[in-house]
Structures are given as C-alpha cells and as structure tokens.
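Participant: These are the residues of each chain, in order.
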Amino acid sequence: MIRTQVSLDEHEYAVAKTEARSLGISVAEFVRRAVREALPPRGEGPWMKFAGFVETGNPRSSQSIDEMVYGQKD
Amino acid sequence: MAKKIECYVDTSAFIAFLDRSDSFHALFRRLFSAPPPLSTSSLVVAEGHGWFLRRYDRNRAIQFLTFMDALPGLTVRGFDASELAKTGRIVKKFADQNLTLADAHGLAIMRELRIGCCWSTDRHLGLDGVPLVC
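As you go down the protein sequences, you meet chains A and B in turn. For the first sequence, the residue numbers in the working numbering are 1 to 74. For the second sequence, the residue numbers in the working numbering are 75 to 208.
Just so you know, these hints were derived from the structure itself, not from any lab. Each hint should be verified, as a subset may be incorrect.
Stated by the list, open to error - Stretch by stretch, here's where chain B covers chain A in the computed footprint (C-beta under 8 Å, at least three residues):
(1) 4-14
(2) 55-69
To be verified - Only part of the chain B face toward chain A is listed, based on derived beta-carbon distances under 10 Å:
(3) D93
(4) F98
(5) R103
(6) A108
(7) P111
(8) R128
(9) V150
(10) I164
(11) D170
(12) T174
Just so we're clear, the structure is a prediction, and the values are computed from it rather than from any experiment. We put the CB at the ideal spot given by N, CA and C, even for glycine.
Take the sequences, apply the hints, and build the full model.
Facilitator: Written out as structure tokens, the structure is:
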C-alpha cells in the first residue's frame, strides 16, 4: 500500500465525508473506491475504462442514434 | 508497413460499447477489449460527439473524444470535398433509404479500402453486402 496525500476543496470533502458515512466506510476508503472506479480493470487497456460509462436504460440505444442526433425515426 | 485495416466501426458500435444498457454492450465490450486495426469516419466522430451532447452534456461528449484518442489502432478518415463527392454518389445510389452522410461515408471507406467487416448495429452499413458484426 502506498501512502499519498490528496487535497480536496471544502465542498468536495464535506460531500465525500457524508457519502462515506452513509456507506459506513472511511473517507480514505471512499477515495480509494472512487479511484478504482476511474481506472481501467487490471490487464485491460486504458480505453476500457470507458466501457459502459453511461447507462441510458435503453437496450436499443445503439439502434436509435439517428433519432437522437437527427430527430428522425428509421 | 502499416497493418491492413480489418474492420470499419460505425457510431452504433461505439455507442453499444459505451452504453451499458445497450443489448449489444457485452459483444462490443469483448470486441473492443482486443481491437484489430480499425477505421472510422470523422463524421462518425462528429455523430458520436453530437449524441453525447444531446443525450447528456458537454462533459460526457468530451469523454467520448478522450475515448476515441485512447483507442489504439484506430484510423479516422477525414471528410473533404472529394470525400463529399464520393459519399454523395452513394447517398444518391440508395435514394430509397434514409442514409446519413456518416453512413454513406462508411460505405465509401469500406468500398475503397476493401474492408470486409463492419462493426455496427445499423442495417444501413450492410447495404453494400459487407457483413455486420452484431
């Protein structure tokens, strides 16, 4: 384990502390989890961290691009 | 010598990879995890960026561009007057279809580079008979 220091502004720290408390974990563990989430999975390329980075709730999302971009149904 | 481009990638394949709700997400997650040399159109990049701007916000749209930069082995074909001329001919050839310029540019690139594989969930990209991976 490497020890490091992270500087947060007051608002970020307050929100992180509230979130951590609601999860029953320390602020340090909350930050570790946030970092893990932002990194690509081990053994995969850096671009893989973007896999599924949005969740539209629409299983036909990739088939309705024209509708979203051009406002047309096809 | 540059590696031969194996597959063309359409906007729909990028969105399926990036949106975990999409029914093709698992397939494209697997394909993009070890991508062969790929090609796409600058119009696809514009379309993908526009999709994120409309569906989400400018931050997500910028993340999309960051993803495109990070993807290895991707060749992005520019779109100038000569590309417009080729693309326009394809749009006119398939005048009975609602083909976008991005779709038609993809067909033009596949035809010119003799690419025999297309990552897409959009049937328009199969109009020239290139099999779709979806």
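Participant: Against the structure shown, which of the earlier numbered hints fail to hold, in ascending order?
Facilitator: Violated hints (numbers, rising): 1, 7, 9, 10, 11; every other hint is consistent with the structure.
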